[in-house]
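Asks: From first to last, the protein sequence lines stand for chains A and B.
All the letters of the first sequence, read from the start, carry residue numbers 1 to 498 under the working numbering.
All the letters of the second sequence, read from the start, carry residue numbers 499 to 996 under the working numbering.
Under the rule of at most 30 Å between Cα atoms (straight-line distance), these lysine-lysine pairs were calculated in the DSS-like manner:
#, chain 1, residue 1, chain 2, residue 2
1, A, K49, B, K510
2, A, K90, B, K510
3, B, K510, A, K106
4, B, K591, A, K12
What the hints contain is simulated information worked out from the structure, not anything from laboratory work.
Number of protein chains: 2
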Amino acid sequence: MSTYDEFIAAVKDIHRLQALQGHLGWDRETIMPEKGAAARADMLSWLAKEAHARLINPRLGAMLDALEAEAGLDVDQQANVREMRRSYEKAIKLPEQFVADYARSKSEAMMAWQDARAASDFSAFEPHLERLISMTKEKIAYLQVDGTPYDALLDEFEVGMKVEDYDPLFAGLRQRLVPLLDKIMAAKATTPDPPWPEGLVFAVADQTAFCTEVSEAMGFDFKAGRMDASTHPFSAGLWPGDTRFTTRYDRSEPFSCLYGVMHETGHALYEQGLASEHAYTPRGAAVSLGVHESQSRFWENQIGRTPAFWKVALPWYTKHFPDAPSWDAETLNRMANKVSTGFVRVEADEVTYNLHVMLRYEIEKQLFNGDLAVKDLPNAWNTMFQEWFGVEVPNDRLGCLQDIHWSMGAFGYFPTYTLGNLYAAQLLESMAEEFGDIDQLVETGDWSPLLNWLRPRIHAQGSKWSPSELIEQATGSAPSPEPFLRYVEAKYGQLYGL
Amino acid sequence: MSTYDEFIAAVKDIHRLQALQGHLGWDRETIMPEKGAAARADMLSWLAKEAHARLINPRLGAMLDALEAEAGLDVDQQANVREMRRSYEKAIKLPEQFVADYARSKSEAMMAWQDARAASDFSAFEPHLERLISMTKEKIAYLQVDGTPYDALLDEFEVGMKVEDYDPLFAGLRQRLVPLLDKIMAAKATTPDPPWPEGLVFAVADQTAFCTEVSEAMGFDFKAGRMDASTHPFSAGLWPGDTRFTTRYDRSEPFSCLYGVMHETGHALYEQGLASEHAYTPRGAAVSLGVHESQSRFWENQIGRTPAFWKVALPWYTKHFPDAPSWDAETLNRMANKVSTGFVRVEADEVTYNLHVMLRYEIEKQLFNGDLAVKDLPNAWNTMFQEWFGVEVPNDRLGCLQDIHWSMGAFGYFPTYTLGNLYAAQLLESMAEEFGDIDQLVETGDWSPLLNWLRPRIHAQGSKWSPSELIEQATGSAPSPEPFLRYVEAKYGQLYGL
Chain A
1 MSTYDEFIAA VKDIHRLQAL QGHLGWDRET IMPEKGAAAR ADMLSWLAKE
51 AHARLINPRL GAMLDALEAE AGLDVDQQAN VREMRRSYEK AIKLPEQFVA
101 DYARSKSEAM MAWQDARAAS DFSAFEPHLE RLISMTKEKI AYLQVDGTPY
151 DALLDEFEVG MKVEDYDPLF AGLRQRLVPL LDKIMAAKAT TPDPPWPEGL
201 VFAVADQTAF CTEVSEAMGF DFKAGRMDAS THPFSAGLWP GDTRFTTRYD
251 RSEPFSCLYG VMHETGHALY EQGLASEHAY TPRGAAVSLG VHESQSRFWE
301 NQIGRTPAFW KVALPWYTKH FPDAPSWDAE TLNRMANKVS TGFVRVEADE
351 VTYNLHVMLR YEIEKQLFNG DLAVKDLPNA WNTMFQEWFG VEVPNDRLGC
401 LQDIHWSMGA FGYFPTYTLG NLYAAQLLES MAEEFGDIDQ LVETGDWSPL
451 LNWLRPRIHA QGSKWSPSEL IEQATGSAPS PEPFLRYVEA KYGQLYGL
Chain B
499 MSTYDEFIAA VKDIHRLQAL QGHLGWDRET IMPEKGAAAR ADMLSWLAKE
549 AHARLINPRL GAMLDALEAE AGLDVDQQAN VREMRRSYEK AIKLPEQFVA
599 DYARSKSEAM MAWQDARAAS DFSAFEPHLE RLISMTKEKI AYLQVDGTPY
649 DALLDEFEVG MKVEDYDPLF AGLRQRLVPL LDKIMAAKAT TPDPPWPEGL
699 VFAVADQTAF CTEVSEAMGF DFKAGRMDAS THPFSAGLWP GDTRFTTRYD
749 RSEPFSCLYG VMHETGHALY EQGLASEHAY TPRGAAVSLG VHESQSRFWE
799 NQIGRTPAFW KVALPWYTKH FPDAPSWDAE TLNRMANKVS TGFVRVEADE
849 VTYNLHVMLR YEIEKQLFNG DLAVKDLPNA WNTMFQEWFG VEVPNDRLGC
899 LQDIHWSMGA FGYFPTYTLG NLYAAQLLES MAEEFGDIDQ LVETGDWSPL
949 LNWLRPRIHA QGSKWSPSEL IEQATGSAPS PEPFLRYVEA KYGQLYGL
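Just chain A, with the same shape it has in the complex (with noise of 0.2 Å):
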């Protein structure tokens, strides 16, 4: 056995190990009952101990130096080597002890994020975050990666990015997003959105059959996946010929159901795509969150909410909602489209939504590489809130104790979602350039040609290169934020009357 077979083995080894996990997940979120909790805690426990047993076992690692000092391999070979080098440099640098440790004060500190965000007492919850803050800032030293500490966790989620890069970008960003805002807050205040009848109702096995369609029309494939019901909609790749997704339904509207269907339709159509033969191996994985969110929010936002998706929804929609009002297309993707300065990151709209990101960035931010205390960030929040969002933060519910991943330690995530909007209006400005008027090709309502330029140039490569390499042999360009700003612009623009 060459030692590339070798190395290839334990890598799959470890890979099988997390797609247990995987399994396991998609499993307690939508149909384990309730009394498993604790045992399948302990299973998932000992799963990811069983993969970093694996992944730190030296014999990785003498295999690693001897693989970077080969000649003979080829791309895929090669980031295989790449991406599990990383891995194993991560986990090695983290002593077992800090690692159980963590682990520990991380569940710890989820369980108290969710009675003190109920009860929306941040003093609840700030010895677990700053608890946490503190371990991680121990985590960053261990990492020792070059650039500012916040770098260390940027890098985490989305390799290759740091504040350097982000800084420049989401300031560009903002400079047009909140005049934009502006804008179209002024609009409304004279021509108010539409609102939304009271007393409809949306039956949960009619929304179920309406968004079957519509997962069926992008390309999902339903004999090789799933689509369920959980609290959070998610989307688990689990291994070749099981990809399986969720959603959640609202019966006094169709919309959370439908654009959380397109949205984890998108992240599953990537698993979908990712070559098979390279399964259970970096090659054959994702290569980031961000290139994930990419493919979720393109079909959710620039396929879905569009008057042209619309016009092919329709029918389905009439179909399956027989009582529903008689809106046209243009009503209904007016319906889909509200700007509004809510307090909520997961319920906003394209204008407002890269706002949520990029707050939670300068709070991470000033956390790790400044000197913000955990007790001064519900103010951070709250000012920093009304100074983008021109609104005042009612409790901390609403804002700074809103979304989970601070109780899961997951510092330096948040960005990426907004590079997921970005590369989304990249991918779409190539797409224009090859197919032309992709509206016109939305109406057709054979959407195959969207899912097969992507195929190729994003699903198919898996990890074969950075998250930036990937977008720019996709494009012709490095990522950039002119495409989405261009996008949203125009389509606000138009929906407004600006």
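On the provided structure of chain A, position chain B as indicated by the hints.
Replies: Chain B only, in chain A's frame:
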């Protein structure tokens, strides 16, 4: 860490890997998308390989040696050492290449059997069966178990049971069951069973609701488990707080679903009653197939197929099937207890069921201890069936091709079904000694005394004792066929007015 603690950690790892196989198996049979089959088979085989590698680890053998020489182990610890010694010895005696070849031959045989059965063409299965039997003989030689070759197989499924135990047991049963069957058939000739009306429809949702009430009344905790649908009903213990069983639906009658649910709930109650503090060790696992089957048959037949049960279930039946004919409890019970000389074991009544089992036992005994050639198997089957059941087998699909077991290499498995029936009757007699008239107890609708009797005596004992020790401790007598014969003669004597 003491040797015992190190040993238990290794034991738990093995059982966790097996529990994961159980979970993925449940998912495959209930909800897996069809294109997930190949990756699922691959993952299951990887888990099996991982578990096997840990089982044959020489360090486990060394720990077993050390622990067997240790004086201070309590009875729970001794049980774990005893059971792991048995598994270890079996595993290390089989060469790895043989294990791999045998697994492949079995999966090829299973595919060939499916086709052969569909076409009722024994010759298409014959070479595969020939090969499996020859490899099974090779396995017997590796195992070097005392006694006849067939004893080595019987011991795999019910520890301690040999031909010298089964032969007199089965002869005694046959001696009384064959004449009983003759008398019943004679009675049926003059007074036929009531026919099932054609054209009735029992909606799946109504059957689910009805059977859920029954399962809950039996004591199944739906917060610690699930009921789903699958082609073949089964029960999966999984792990603490999460036990799942399945059923199937026949829209023309409610009994397949109902008795499937009662049978699998019986298995599932055993799993829910295991001692969770011993999870992932033999001490915390069911002791044998025979004892497991006693739990399912107890609830399905001895409780479920009685007038007392139907008195309790009638209001539920009427509520969920308002359009069904308005039968009384007596009639419903009569419908659920028809004796027939059908050809198929899984559809058999309580009188003929054990004859089906014994027929397979006799065939297997002749294959491994005698000189029955595979090509003569259909003839041997049909001759014996004619003799015991008094009817001619029309084809091999209804004859020797009907069961999946042989295609899985599960020779020696069938007799455990009969043990289950015998143990169940013996447990019922013991309960009657404590509670008096069981029918009166069942009629109250509060069946918790039955479950609470089984919990400490059977369920919580796990594999602390051997199956026969367990039955003897629970009932005060060694396992015996007499309680079953008394039960079946009384019950069917009354039903058929003998």
